[in-house]
Amino acid sequence: MSTVAAKEEYNYDIVKFCVLTGIVMGVIGTAVGTYIASELAYPWLNLDIAEISFGRLRPVHTNTVIFGFGGFLLYGAGFYMVQHSTHARLRFEKLAWAAVALWLISMICMWITLPLGMTQSKEYHEPEWWIDLMMAVSWVFMTIVYLATIANRKMSHIYIANWFFMTMLFMVTYIFTFNGMCIPVDMTFSYSAYAGIHDAMTQWWWGHNAVGFFLTAGFIGVMYYFVPKHANRPIYSYRLSVLHFWSLTFLYVWVGAHHLHYTAIPDWTLSLGAGMSVALIFPSWGGMINGMMTMSGAWDKLRTDPVMRFMVVALAFYGMSTFEGPLMGTKSVNALSHYTDWTVGHVHSGALGWNAMIAIGAMYHMITRMWNTEMASAKLINMHFWVHLTGAVLYITAMWGSGVLQGLMWRAFDSYGNLVYTFADSVAAMHPFYALRAFGGFLVFVGFCIMLYNTLKTVSAVKAGSNVALSAAAKA
Amino acid sequence: MSDNNDKKGIIRGIPHDTIEQSLPILAVFVAILVAVGGIVEIVPAFYLDDAEPKVEGVRPLTPLELEGFAIYRREGCFLCHSQMIRPFRDEKERFGHFSLAAESKYDHNYAWGSKRTGPDIARLGKKYTDAWHIQHMRAPRSVVPESVMPNYAWLEETKLDTSRTKGRMEVLAMMNVPYSADDISNWESDLKAQAAVDDGNGEDALRARYERKTWTNSNGEVEQWTDSFTPTPLNVRAFDADASDVTELDALIAYLQQLGTHVHFEEGVDYYHDKFGQPYRK
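First to last, the sequence lines map onto chains A and B. Numbering follows this note's numbering, with no gaps: position 283 of the first sequence is 283. In this note's numbering, each number is its position in the second sequence, counted from 1, plus 1000.
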């Protein structure tokens, strides 16, 4: 076996860049999210300006949080953990920087073009074709760097976090490519290569697997590296990880069809999607249990370590939203929940609860390790935790309430067989929930601002030499 | 990575130890495994006739309506309005007959939506007057007090940009939307005729083109409607109540007023299954 690279030989510069950019993306993404949520509660906020009207700004929010915040976390944490788990320095570092630069340029182009109304109108795949191309090239570069670094590993086995990451890299390449197939009319407009039912199926094959692979497999990989590392405990069960890795890899792909229940898609496809959605609880909970049980013997850390708290609560949210998902994936529940805010609530219990909190935990962990310092303020991490959690819970419960209420109002008949409510009645009933949701989102935004402030203070303290170095125990 | 030398592992016979020590093997397994679900669920629909039961009346959008669809997409309308009515009693009462697969067969990109912050509009066509739409776009809350829709006052003030209309039709024709060479070359006169900004001479030609019963796509596939079927008449008028020029509001209202009006639903016909449980065909 060749020599193990010393930690000083890892490329941390690129990780530092990604983590800092990721935090800024979190601030921007949640700020835009708070604004569009407020537009729904108070429509005058659209201000009669086309560029900031809800329909144009909503994709800016979704793309910034998913591909900006989530993307830079995945790039940063990916580059960090692939080096740590292979004991090898990043391969093809220029390519890695090119990947990061292209991703950032894509985000900036997205911020400009979407408010101007240039959209592919496919949810979570809105930026026009030429931005798509830049993102695809960035992704391929990332994949090459990642696989090459694994190939260069200093041990025989490939660590499980990297299996999940690899699954994400491959599947996102497939779905992004095939869903992005289009014929451009010019730089500002293109038509999808598919129409009607085919476009709908391809879109939700993409839509759900952007969740299933970008936001799940990738983030599970992050969890598998950072939770054991931060708790300083080994993974609970190797066998469970093998089992839930292969089943998750196989099963997730099928469930996109549950976004189209009772639509004009052939029934057999939808039934297959519903069945696989129910089955998906097993691989999902496999990951949740494995993460949670890794805490065995380290639960006391929850009392003292707010970063650990972020990670554990993230796993709890993951378990909860992957219970809710199969429930909503069945046809009878979906008949009520589809088209309502319940879907929005479900997405945000995954996004604010699971994705954001595991990402934030991993980011704090990486910042302290890379700069070899304690965070400037442990109190502010704790405050971030409670502000974020409160915001997430308010958001999710508001959307559950409004979603179920909407679903029930739409289907209510009186004893004469007439509809009880007009559609406008249901819109009016949403107002208090929309206001509460906007407030919850605002708290999450405040949390990200606290994080950015704490991080900048930490980094400048390191530069000034006034920081507290990490203890030897934490460094190990 | 502790106990993997136990040969009586859960996955008997497959040496997982080998898989996780070899990047190529792991990569190939993953690459194949993640492809299966999508292939099984998406590909067959392209080949099974049952996936999109045939129904008469669905035509491609006229140039003006096509521009309206592009505005619908630009403003992100699909984020709050669905165009997919499910086969439930309450949806039938509120929105009309459930949507058929064939009704969106020319929709690049599909516009079914995923959220009803506002109501479904799959069958909005002819439900309200143009005057209602004009007022609703200017100030939605002036006609629906509970609405949370943004004001779209700029639509009636903005002249329609028609620089891409021909290009859009050419691209769609490439993808088998049955626009003929004649349809494409007459895009400008058709567009103006439908918005009633010409001298009125273009209307007959426009109607002849888009109320026809024979549709041939670029693959040479012909769709011929029966003699007894009368295609839905086009809406031809100054949609924004101003015949002096073609505005974005003209295009958008032209698009909205034709939604869901192409198919003529007959009382007593099961458009979902025939009596043998097979998807409906006519």
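Calculated directly from the structure, the hints in this document are not laboratory data. These numbers come from a predicted model, not from an experiment. Keep in mind that a hint or two might mislead.
Straight-line distance between alpha carbons at most 35 Å, and here's what the computed DSBU-like set of lysine-lysine pairs gives [said to hold, decoys possible]:
hint : chain 1 : residue 1 : chain 2 : residue 2
1    : B       : K1126     : B       : K1092
2    : A       : K331      : B       : K1054
3    : B       : K1159     : B       : K1192
4    : A       : K379      : A       : K154
5    : B       : K1192     : B       : K1054
6    : A       : K16       : A       : K379
7    : B       : K1166     : A       : K331
8    : A       : K331      : B       : K1126
9    : B       : K1166     : B       : K1213
10   : B       : K1166     : B       : K1054
11   : B       : K1192     : B       : K1127
12   : A       : K94       : A       : K154
13   : A       : K94       : A       : K301
14   : B       : K1092     : A       : K331
15   : A       : K331      : B       : K1127
Partial list, derived from the structure: chain B residues whose beta carbon lies under 8 Å from chain A [what the hints assert, rightly or not]:
hint : residue
16   : D1050
17   : E1093
18   : T1117
19   : R1123
20   : Y1128
21   : M1174
Cβ atoms here follow ideal geometry from the backbone N, Cα and C, with glycine treated the same way.
Inset, instruction - Against the earlier hints, flag every one the structure doesn't satisfy and list their numbers going up. - result: 4, 7, 13, 19, 20
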